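Visitor: As a plain string of letters, each chain reads:
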Amino acid sequence: MIYKILLSIWMSLIITAVFLYVEPATGFPGEVSRILFFHVPMAWVATLAFLLSMIASCVYLITRKVNADFLAQSSAELGFLFCFLATVTGSIFAKATWGSFWNWDPRETSIVMLLMIYGAYFVLRSAVPDHEKRRVFAGVYSILAFCTVPFLVFIVPRITTSLHPEDTLNPAKPGMDVKTLIFFLGSLCAYTGLFVWMLRLKVRVLRIMDKELNVKFKV
Amino acid sequence: MENGLGFVAAVNLVIWAGIVLYLFVLDRRLKKLEQRSGGRDGCIL
Chain R
1 MIYKILLSIW MSLIITAVFL YVEPATGFPG EVSRILFFHV PMAWVATLAF LLSMIASCVY
61 LITRKVNADF LAQSSAELGF LFCFLATVTG SIFAKATWGS FWNWDPRETS IVMLLMIYGA
121 YFVLRSAVPD HEKRRVFAGV YSILAFCTVP FLVFIVPRIT TSLHPEDTLN PAKPGMDVKT
181 LIFFLGSLCA YTGLFVWMLR LKVRVLRIMD KELNVKFKV
Chain A
220 MENGLGFVAA VNLVIWAGIV LYLFVLDRRL KKLEQRSGGR DGCIL
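Protein chains in written order, with my numbering: chain R, 1 to 219; chain A, 220 to 264.
The hints are simulated quantities; they were obtained by calculation from the structure and are not laboratory data. These figures come from a predicted structure and were not determined experimentally. Idealized CB from N, CA, C, for every residue including glycine. What you were told as hints is all true, and nothing was included just to trick you.
Below, computed lysine-lysine pairings styled on DSS-like, alpha-carbon distance capped at 25 Å:
no.	chain 1	residue 1	chain 2	residue 2
1	R	Lys4	R	Lys202
2	R	Lys202	A	Lys250
3	A	Lys250	R	Lys211
4	A	Lys250	R	Lys4
5	R	Lys65	R	Lys133
6	A	Lys250	R	Lys65
7	R	Lys202	A	Lys251
8	R	Lys211	A	Lys251
9	R	Lys211	R	Lys65
10	R	Lys65	R	Lys202
11	A	Lys251	R	Lys4
12	R	Lys211	R	Lys133
13	R	Lys202	R	Lys133
Beta-carbon label-pair distances, calculated as ranges:
no.	chain 1	residue 1	chain 2	residue 2	range
14	R	Leu181	A	Gly225	20 to 28 Å
15	A	Gly257	R	Leu13	34 to 42 Å
16	R	Met116	A	Gly257	35 to 43 Å
17	A	Gly237	R	Asp130	38 to 46 Å
18	A	Arg247	R	Leu144	37 to 45 Å
19	R	Gly27	A	Gly257	56 to 64 Å
20	R	Leu163	A	Gln254	47 to 55 Å
Here chain R stands alone, though its shape is the one from the complex (with noise of 0.2 Å):
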């Protein structure tokens, strides 16, 4: 409960900071470069939960357990979602920047072939009434759909000429000011967090509906 309180502060106080205290990156447009705080974070945030659902499908092709693959469910629906919204904060940045949303830079058709391939581990998942079966099969897609995340994410726009900016707001390369990292740095945390509340329910409602089911079925 006080994690979740401090969550809520903190995240409160990034949002305030980045609009009034720190300054807006040079280089772009007006304050369009603010939107690197809740962009990055975002992308940070889905690649995380990616990451998260293959590691939890492997522990439960491996060891059976039911709460595993809740995990690895839960985490590529919040992982698809903070991808959706991801893309929708750089197509603003796009329109601001390049002045058109999609311009299908390598960027922007990267991440729609992530979206488009966790999408159809969610349409596996619909499509096999099993329970087993499901399971196992939309274990083995999450492993094989991560594999193409590192491609997607950071190879792809790096060995193709892209629009998208990576020396002036990229935190591993020098651009960005001291004042501007420890907000960006505060801000993946805080949405860290806020994945892992948000993870959190979506096992329990998970848990529930499974247990639902099963009494269903007794009766």
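Since the structure of chain R is provided, determine the placement of chain A on it from the hints.
Guide: For chain A alone, coordinates are given in the frame of chain R:
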């Protein structure tokens, strides 16, 4: 407060408050449902 940034920050804070409220309400309702269906046995998270 230049360029309407204060307004944008306020809108963001309202949205965040809505999300937090929703998550807290969901948390409470799930607790009640868990109590009804016999607790959180063997849960990973």
